[in-house]
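Peer 1: So you can see what is in the structure, the chains are spelled out below.
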Amino acid sequence: MTLKLEIVTPEKKVYSDEVDSVVVPGVEGELGILSHHIPLMTQILPGELRIKKGSEETHLATGGGFVEVTGRKVSVLTDLAERAEEIDILRVEEAKRRAEEALSERLTAEEYATTAATLQRALAQLKVARKRRH
Amino acid sequence: MASTREIRRRIKSIKNTAQITKAMQLVAASKMRKAQTQVLSGRPYSELMNSLLSSLGGKIDRNIHPLLRNGNKEGQPKIGVILIGPSRGLAGGLMSNLMRAMFGFMEQKEISPVNKKIHSHQVEIEAVKTEEEAEGLSLGVVSVEKKARDFAVKTGGNLIADFQKLSSPPSTADTNPIARVVIDGFLVSRFNEVYLIYSHFVNTMTQKAVIKKILPIEEEFVIKEEDQGKDYFSEYLFEPNPNDLLEALLPHYIQMEVYQAVLEAVASEHSARMVAMKNATDNALEMIEDWTLTYNQVRQANITQELLEITSAAAALGR
Numbered sequence: 001m002t003l004k005l006e007i008v009t010p011e012k013k014v015y016s017d018e019v020d021s022v023v024v025p026g027v028e029g030e031l032g033i034l035s036h037h038i039p040l041m042t043q044i045l046p047g048e049l050r051i052k053k054g055s056e057e058t059h060l061a062t063g064g065g066f067v068e069v070t071g072r073k074v075s076v077l078t079d080l081a082e083r084a085e086e087i088d089i090l091r092v093e094e095a096k097r098r099a100e101e102a103l104s105e106r107l108t109a110e111e112y113a114t115t116a117a118t119l120q121r122a123l124a125q126l127k128v129a130r131k132r133r134h
Numbered sequence: 001m002a003s004t005r006e007i008r009r010r011i012k013s014i015k016n017t018a019q020i021t022k023a024m025q026l027v028a029a030s031k032m033r034k035a036q037t038q039v040l041s042g043r044p045y046s047e048l049m050n051s052l053l054s055s056l057g058g059k060i061d062r063n064i065h066p067l068l069r070n071g072n073k074e075g076q077p078k079i080g081v082i083l084i085g086p087s088r089g090l091a092g093g094l095m096s097n098l099m100r101a102m103f104g105f106m107e108q109k110e111i112s113p114v115n116k117k118i119h120s121h122q123v124e125i126e127a128v129k130t131e132e133e134a135e136g137l138s139l140g141v142v143s144v145e146k147k148a149r150d151f152a153v154k155t156g157g158n159l160i161a162d163f164q165k166l167s168s169p170p171s172t173a174d175t176n177p178i179a180r181v182v183i184d185g186f187l188v189s190r191f192n193e194v195y196l197i198y199s200h201f202v203n204t205m206t207q208k209a210v211i212k213k214i215l216p217i218e219e220e221f222v223i224k225e226e227d228q229g230k231d232y233f234s235e236y237l238f239e240p241n242p243n244d245l246l247e248a249l250l251p252h253y254i255q256m257e258v259y260q261a262v263l264e265a266v267a268s269e270h271s272a273r274m275v276a277m278k279n280a281t282d283n284a285l286e287m288i289e290d291w292t293l294t295y296n297q298v299r300q301a302n303i304t305q306e307l308l309e310i311t312s313a314a315a316a317l318g319r
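Chain order of the listed sequences is A and B.
For the first sequence, the positions run 1 to 134 when my numbering is used.
For the second sequence, the positions run 1 to 319 when my numbering is used.
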């Protein structure tokens, strides 16, 4: 039995395919989903999303968002989803550095939240990209 | 008949106009392409978001979260409207379609624009303003982009917030504050209904003015009624728990609704302007053709006239 996985960001549909299993970075730890998972709705944090299809494994860096599981379908809504091989390490490191710099300055609560989110996303991207490339 | 010089001047001026409209057309066309790809690629997300909410529908009690709760139904509803217009003019019938939709909406909600005008002139102090609200005449407008603001001011709408000069392409950083204003307004009962009014992008030739209710969140909860009977809903799992999840999901949903609406409006604006400018250029070229024909006729008539004068003079002399 396969699962129908859909990953969508506000910019585009990143992934849509039948897969065997998917592991998402849930708010309460990593969450593996196989087919016939009970209906579930949860929030995800910036991190790594792993997709298994046959012998092939795909890694994506995701931002925060939501996951819905119904029967055979998994929908992932997130503000970022990038395949490991697409991540530009230099750019991400630059983003991370800027975010860290910004965080050390005085910020309003809102600015702090957005910058912290950017930093978290950058860290997730770096983690995924590094892991893939050794 | 006009002199050749006059006609020449006229043709030249039309040519200048055609050049300008052509340039505007090309600029709008390139912006339009970007905006169209953006709006189309944003749709899967908002569709998925809607289906996410609709599957929640059967599962939860409406009273669980304030954004789902129907406001106080007594008296006249306090309505909030986010009006998203074009940032500049020369966009064909785009703004007038929006205006028509807005007037229709006000009529339906029994808010008279004339009354509003008189009121907003009389009302100057904050305290009186709340009294006006108490009278139930309240329509709060949050305008996005310049033309929407101008319209809201002219009809005497109660302008609550005005957002302008969104970045291009618009990002959630631009639109989230808009969502914030209405969510906050809803939570403190400043409004008990909030609507989005914007131009929905159908295709390059067609844009439709749309009125969409976004608060309280309800429509999405009705669509999938047939699903509510299925038993898998009874074992729907929420992680960490329904409250926390809704607390994060619902405001995000409103933000994404506003974001998508702004994308639609931007794509509509550039498309409408592109088409309007193309029509203007075509008209100008047609006029140039007409005037060139007239110019040639006049020129020919003048030559014939002169020849006639010369020959008749020569004939008179040679006699």
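Check the hints yourself; a few may be wrong.
Stretch by stretch, here's where chain B covers chain A in the computed footprint (C-beta under 8 Å, at least three residues) [to be verified]:
#1 9-23
#2 70-83
#3 96-105
Bear in mind the hints are in silico, worked out from the structure with no lab data behind them.
In this text, a Cβ means the ideal position worked out from N, Cα and C, and glycines have one as well.
Peer 1: Which hints from the list above does the structure break, by number from lowest to highest?
Peer 2: 3
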